[in-house]
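Protein chains in written order, with the working numbering: chain A, 27 to 229; chain B, 27 to 229.
If you are wondering where the hints come from, they were derived from the structure by calculation, not from laboratory data. Hints are supplied without guarantee of correctness; some may be wrong.
[Said to hold, decoys possible] In the DSBU-like style, the derived pairs of lysine-lysine whose C-alpha atoms are separated by at most 35 Å in a straight line are:
no., chain 1, residue 1, chain 2, residue 2
1, B, Lys178, A, Lys47
2, A, Lys110, A, Lys29
3, A, Lys47, A, Lys118
4, B, Lys118, A, Lys173
5, B, Lys66, A, Lys110
These numbers come from a predicted model, not from an experiment.
2 protein chains.
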Amino acid sequence: MSKGDKTRQRIVSEAAALFNKRGFAGSSMADLMQATGLEKGGIYRHFSSKEEVASEAFDYAWQAATDARMHELDSVPNSVDRLKGFITNFVKRRSPVPGGCPLLNTAIEADDGNPVMRERARTALRQWQSLLSGITAGGIRKGEIQKGVSAKKLAMLIISSLEGALMISRLERRDEALRAAQAHLIDYLEAEVRWRKSQPSRS
Amino acid sequence: MSKGDKTRQRIVSEAAALFNKRGFAGSSMADLMQATGLEKGGIYRHFSSKEEVASEAFDYAWQAATDARMHELDSVPNSVDRLKGFITNFVKRRSPVPGGCPLLNTAIEADDGNPVMRERARTALRQWQSLLSGITAGGIRKGEIQKGVSAKKLAMLIISSLEGALMISRLERRDEALRAAQAHLIDYLEAEVRWRKSQPSRS
């Protein structure tokens with residue numbers, strides 16, 4: 027890797043932490059200069075705008091968050107256990123990029139704002155949905171998950187519950203809400219999602 | 027109401043829409059001057075700082091959101107039906123202050139940031155939790171809700187699911203995630219919360 031590439035990568039990783047904590051509007055070029063120790067010209071040599079830095083920083087932060095949530099899930103053979111592992115990783119493991127979930131942060135700031143950042147968040151959400159839907163669809167094919175389960179709705183339920191609980195837990199600075207969401211989702215996966223010979227009926 | 031009081035109230039309501047859409051860092055005094063049609067001096071005659079405007083604007087937006095969510099719930103006698111009504115209002119009714127949920131917006135922006143705004147969001151979260159917990163606790167006393175239900179955990183579950191689903195729905199600009207959360211929560215309330223002579227057991 028050339029010296030220029032290394033500098034570029036360092037700008038992205040420092041910017042990821044800055045933007046993820048303070049948001050796009052809350053982070054100035056002066057903040058970015060301070061975080062990276064570079065002059066404005068040193069940053070603009072690699073990026074054309076603050077928006078370009080923020081876009082790449084978002085993708086970097088999102089990849090780091092996804093890696094933490096997928097930690098050691100490849101070796102889990104059963105699809106329900108893999109969904110449970112994902113939920114547990116989300117609650118227990120922190121990404122190396124501080125500031126909480128990049129998707130949640132960027133979605134909330136950009137839903138009425140910057141269209142480039144909003145599109146970035148939307149792509150991340152869809153990646154996440156298809157990752158979870160894929161696990162569920164595979165589980166239905168292998169007979170590990172009830173046929174009537176909607177892979178899409180289950181993915182939305184998991185994402186909604188975890189992101190909402192993360193908001194509460196970060197605001198309160200204690201993980202009670204995340205642990206409650208985890209317990210609820212795992213109970214639901216065992217009761218309503220995992221294939222069983224005699225499925226209990228609620229109706 | 028004096029002319030001064032009216033001006034003050036107009037600043038708060040215009041600021042509520044501005045801050046709720048663009049965030050605290052994303053709204054400048056120039057934006058606020060444009061939204062209110064006032065000079066800087068006209069705003070500073072009523073408020074000492076942008077933070078003071080934002081704090082009052084948050085409380086205004088939160089009150090409007092709570093009113094929309096509580097719409098016509100006083101006349102619902104059964105506590106489970108009141109929780110269901112709250113969820114339905116959250117999904118179907120929009121507050122007159124645009125920009126989504128003020129708590130979610132402010133919590134996400136302030137969790138690593140402005141301590142005054144963070145405290146405001148925390149107070150709102152606790153009000154919301156005790157509103158829902160109060161309904162549940164009343165339902166347990168009246169024999170409408172299962173004794174084993176944790177009023178606190180149920181409140182956290184409802185808030186987490188709705189806020190996370192709102193994030194997705196606002197990002198996607200369609201209410202699929204909110205409707206999925208509503209269906210899941212109502213199913214859960216009927217199956218696990220509402221008092222029944224023979225409670226189904228999952229274990």
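How the hints compare with the structure:
Taken as a hint, the Lys178 (chain B) and Lys47 (chain A) pair is honoured in the structure, with Cα atoms around 29 Å apart against an allowance of 35 Å. A threshold of 35 Å between alpha carbons decides the hint, and for Lys110 (chain A) with Lys29 (chain A) the separation of about 42 Å lies outside it, so the pair is violated. A C-alpha spacing of about 19 Å is found between Lys47 (chain A) and Lys118 (chain A), which places the hinted pair at or below 35 Å, so the restraint holds. Note on Lys118 (chain B) and Lys173 (chain A): the hinted pairing holds, with a Cα-Cα distance of about 30 Å set against a maximum of 35 Å.
Between Lys66 (chain B) and Lys110 (chain A), the direct Cα distance comes to roughly 54 Å. Violation of the 35 Å bound is thereby established for this hinted pair.
Of the numbered hints given earlier, the model fails hints 2, 5; all others are met.
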